[in-house]
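**Q** Residue numbers (the numbering used here), protein chains in the order written: chain A, 4 to 694; chain B, 4 to 694.
Please note that the accuracy of each hint is not assured.
Copies of the same chain look alike in the list, so a pair counts if it fits in one copy or across any two.
[Said to hold, decoys possible] The calculated DSSO-like cross-link candidates involving lysine-lysine, where the alpha carbons are at most 30 Å apart (straight line), are:
1. Lys420 / Lys157
2. Lys420 / Lys363
3. Lys427 / Lys235
4. Lys427 / Lys277
5. Lys263 / Lys277
These are computed hints drawn from the structure, not numbers from a lab.
There are 2 protein chains.
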Amino acid sequence: MKRFFEASSVAVIGVSPSPTNLGRAIVYNLVQFRFPGIVYPVGPKGGAFMGHKIYKSVLEIPDPVDLAVILTPALTIPEVLRQCGEKGINRAVVESSGFSEFADERKSLEEEILEVAKKYNIRFVGPNGIGLINLENGLSVPFMPFEFEYPLGKVAILAQSGGIGACMLNALAFENIGFSKFVSMGNKLNVSENDLLEYLLREDKSTETIFIYLEGIADGRRLMELASRSEKPIIIYKSNYTRASSGIAKSHSASLSSDKRVVDAAFKQVGVFKAESIRESVDLIKAFELRPMDGNRLAVISRSGGHAVVAADAASHYGFELVPFPQSLIRLVEEHSRAGVIRPQNPLDLGDLFELDLYKEILDMTLEREDVDGVCFIHNYQGVFESEQSRELAREIGPLMQKHGKPLAFCLFTSNKEMAINRKACSVPIFGDPWEAIRALHVMHNFSKRKVAPFVADFKSGIGTPRALKLVSDYSPKKRGMQLPPELCFQILASYGIKTAEWCVSESPEEIVSAAEKFGYPVVLKTASRDVVHKSEAGGVMLNIGDKIALLEAVADIQSRFGPKVLIQKQVIGGIEVFVGSSRDENFGPTMLFGLGGIFVELFQDISRRIAPLSPRVAMEMIDETRAGKLLKGFRSQEEADIEACVDMMVRLSYLVCDLGQLSEVDLNPVKIATGQEKGAIVVDCRMLWA
Amino acid sequence: MKRFFEASSVAVIGVSPSPTNLGRAIVYNLVQFRFPGIVYPVGPKGGAFMGHKIYKSVLEIPDPVDLAVILTPALTIPEVLRQCGEKGINRAVVESSGFSEFADERKSLEEEILEVAKKYNIRFVGPNGIGLINLENGLSVPFMPFEFEYPLGKVAILAQSGGIGACMLNALAFENIGFSKFVSMGNKLNVSENDLLEYLLREDKSTETIFIYLEGIADGRRLMELASRSEKPIIIYKSNYTRASSGIAKSHSASLSSDKRVVDAAFKQVGVFKAESIRESVDLIKAFELRPMDGNRLAVISRSGGHAVVAADAASHYGFELVPFPQSLIRLVEEHSRAGVIRPQNPLDLGDLFELDLYKEILDMTLEREDVDGVCFIHNYQGVFESEQSRELAREIGPLMQKHGKPLAFCLFTSNKEMAINRKACSVPIFGDPWEAIRALHVMHNFSKRKVAPFVADFKSGIGTPRALKLVSDYSPKKRGMQLPPELCFQILASYGIKTAEWCVSESPEEIVSAAEKFGYPVVLKTASRDVVHKSEAGGVMLNIGDKIALLEAVADIQSRFGPKVLIQKQVIGGIEVFVGSSRDENFGPTMLFGLGGIFVELFQDISRRIAPLSPRVAMEMIDETRAGKLLKGFRSQEEADIEACVDMMVRLSYLVCDLGQLSEVDLNPVKIATGQEKGAIVVDCRMLWA
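Generate coordinates for the entire structure from the input sequences, incorporating the hints supplied.
**A** Structure representation (structure tokens):
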């Protein structure tokens, strides 16, 4: 990827002397952003632009070329790329549109391009993007002209939409936040977010924060693997979750929509910071301009009482501890305040202190304290008086943060004229709402606490695989989406060490009775017919069968209604019912679910999700996220359940679904988790679907 | 209140020629904002300021004065106010601080001021605020100097914090949104938000939207009554909910914190739009600069595909229907697009249409359509080209909305230089994120649907009052917060027509048995000792007593452990268990609660709230808000419950708690709502606390 960003000679293919030609803007941008390398415009009509000769083909260029930027009609791309290959160019940015986002028939054109690229060993960005910018060397190749007004910084922007990418650049410039690299990824036919992410994480020293806007996900598991090993913060805004957006996203970037719940779970699992809107994207990027916050002890210093009240609500909301200010500082402040009394509380209200040069000293003293992990400072002035002193104060914020290595979130309220001046003067972002500032500190506290185990994209446990594969390979479903027969489900579970209620499948009443005598009454009888999907609803389940006579009656009844094959199980008494499940996602492969069993799963939607495989720690997180978890821990003087057994079962099932790709869905529901002195977790009922 | 805002002569009390004197800023502001009336500076030292003579006392002013603005030390206020009274001034703005927000001992000073005000019939704003502004006549009396840069508009701002008030003025000016009136209410000792609200709603024709920032609530029920009858949108940002904020709010505006859940419920009940931060306050005010949206059919027109995708997600999230564009429009667009193909879908992506003058026509045609209730238009340009055309387009947005009377939410993405120019040029707000724009449309759709029944602050039903009052007056609790004995609870409920499970309280086993024979077995036996608070947890409840022998055993057991008085009840079989309750709030009086019964109330916190009295419609809303409601309606093929009976009981209990102010808490838990063919709602257990 490096060679995309460090090219020192660029061929811009698709330039003509016509004033409506868009390729000219690419040349214009390179000049505007002061690209120090050589630019070769290329276009079949020849001519000249901005003093450059327009070559009729890349093959005519006399010198070697590092990068080709291509903006010619879609149908010409295979030939143009071929010429690049012949010329020895093996990095390209294809900005043309008219591919699969335009019409499904263009899929073959995409395949043709991929073949050419493969033959000549070409990697290319796009098609259907607006290009890329490396602000460090002025390599700026979008086909829309940009003003060169962006500060250089540490944020990389990868966007699957040129429009959103550009609006992020403008939004960051407004906040005086610089960027390092920008890539409009378009259809991601050859270079994906994962390729770029890998480069930014491992090779690009000038990038410290990565923001990605996605409409579709190239390979969710690889993304997770990369993110789980990243020490740089990754912020992703993923759109395109709904039926309404799927149409427009397909015709915009040829992206397929995804299940938001799964994407959210995956991001959480590997410590990706998720944005839900453009504004929230900017908020998160602003947060990462602060320092990590190592503890949760916060000091709030405000010149306005009202903003202090708001900040205190926000601090409580985000779980910060507001540590008291020391007497020495209170005394200092009191001595200089007009009415002579400052309340010794946190938030500290400096409304009565008119000597603004003291503010810096107070901030310095507060950041110095060992019992303070971060500071929120709120200043306001109306802008008719106090402007010079206030601007001076704003300039000190960045250096103070630098000096102490702790986050200092700065809110400023003043006239709009003053605001604009301060935004340029202040080297760190200015927040416009105490909630925003304190949320940013919360993000930086979470970032500091972030501990993510490496996620393995290609995981195979192998625990029960040979036996399970044998079981599965003997099974030939009539069609995709079929349910596996219960006895097969139970055997597969057993091969992964997952305990089920003792069971027996048979057509013979005698065998059923002898199984019951072996298990002990009460027992449960179910139809084992593979044609009945919702057994309970259909009346195919009978509980609490207490003796032989009742059992024989039940067998006769179920057999007469659903056919001869029945399943008998020991009835599990006591315990808390939970639900452990898995389903396969197109972007992320096997996912895991956990929640309360029975009707409440659906009524309360109290379900947590992660991507398989699970570590015990991640399984525990899943339990902790739900109300079911509270119940397992002994809610309201109830007995605690064997959570360890529950975790163990979840981990085992996650291995199972990684190993057996043929299973599209597994529901263990209910699972009974023993409570009190009893130990263990037992699957009572199970459903598996064939992919 | 009118006389505060329409004063034509103002005495500014507390002016001195000293350069650090804050009173001078008040005179400065009146001049700066071009107040056309007469200004009389007053200060004991005399002298002159800005060409005005400084009178030594108001009594020296030769002419009558409409309004006094006072900024003198707190302890002087009674005398200053007395002089105002003698002078015949009966409207004042007290900007001084140093009252109960400063020290509890200053409560008596406040009382003294109130007495003076009463004697002279003076109404005053404050103390401890920064003053008020009427932008229409330039009456601007804050003691901090303001630049006169605010556009005149239709939004009134009432703020209990000068700092937050001023920051709202700046934030609105940034968005080019004008305001009409501004009041910094301070401690609200005499004039409360309710007084001002009443004026703004009933008398002030120039105000169309009201924004209020509150740290404490003066009289929640009066606020609700006013809001429930308002046709103007009221947006309230209430802070100060937490232990962390209560200290600072007390010393800032002498406000007590409140229960957020109750405030939220009250606002929802009367159609107040709630903001949770400064940013959200601005967002909501921006929304009300649009038109009401009468239906939910939305058209999204975007120049950027990415923003269209984001807008589609947002539209789905807020439940908008994206209606297809007609062929005629698609054809028009196709004819003019560069590549010749625009997808006929909503959102409509105009990325390929470079003739910007057509955009206005497309918007006009779309707003004209009968099947479109509102439009979100997203434009972007980078600002090097297309600036003139784009600014022209921005200027057209306001007139287009005006012409069609439908909301047109306009998002713009461009360079920051262009953004600033367009903000000034465009007469309606510009949104910076499709989510923001579509949320604003959602707000305007809700506003259009808003139907609120008038709320009665002083409600007395009188249904069961004489009998209930008699019952209660016979009861003499040992102390506040005592539980009423169960038989009294059941009798009070009965007097309001609320059904309870048949019961009998006695000390005699024979009487208990004969009651049981009357009710029929099974029965429940409970201790009726008033000393046992949590009967179940203490083992004071025995269920499922099936016959006389078991009953006698149970009676003996309970009597031996808890004393002779026991309660027997018929055991109610079947039905769904819910919880109906009430508690008294300091700001809002009796509140009502509803949720699922049993352990799940607490595990899932699935509780809805409103302020009593309830209409059947509001009770139904409470049920609908909870998962318990889903269960009552027959979740997952279960039988439907008698929701009407549940509503009836909720309404009756809400009347009861309005009538009987002595009850601080009432819990009916569980209440059994009959299902299927069975009808009715029966209270099984009940707890009432004495206030």
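**Q** Quick one: lysine 263 to lysine 277, C-alpha cut-off 30 Å, is that within a copy, between copies, both, or neither?
**A** both (11 Å within a copy, 28 Å between copies)
**Q** Please sort lysine 420 with lysine 157 into within, between, both or neither, judging by C-alpha distance up to 30 Å.
**A** So lysine 420 and lysine 157 pass the 30 Å test inside a copy (27 Å) and across (23 Å) alike.
**Q** As a check of your reading, is lysine 427 near lysine 235 (CA-CA no more than 30 Å) within one copy, between copies, both or neither?
**A** Classified as within: same-chain Cα gap 26 Å, cross-chain 40 Å, threshold 30 Å.
**Q** Classify it for me, lysine 420 with lysine 363: is the Cα-Cα distance of at most 30 Å met within a copy, between copies, both or neither?
**A** within (23 Å within a copy, 32 Å between copies)
**Q** Between lysine 427 and lysine 277, at a C-alpha cutoff of 30 Å, which is it: within one copy, between copies, both, or neither?
**A** within (28 Å within a copy, 34 Å between copies)
Hint violations for this structure: none, all hints satisfied.
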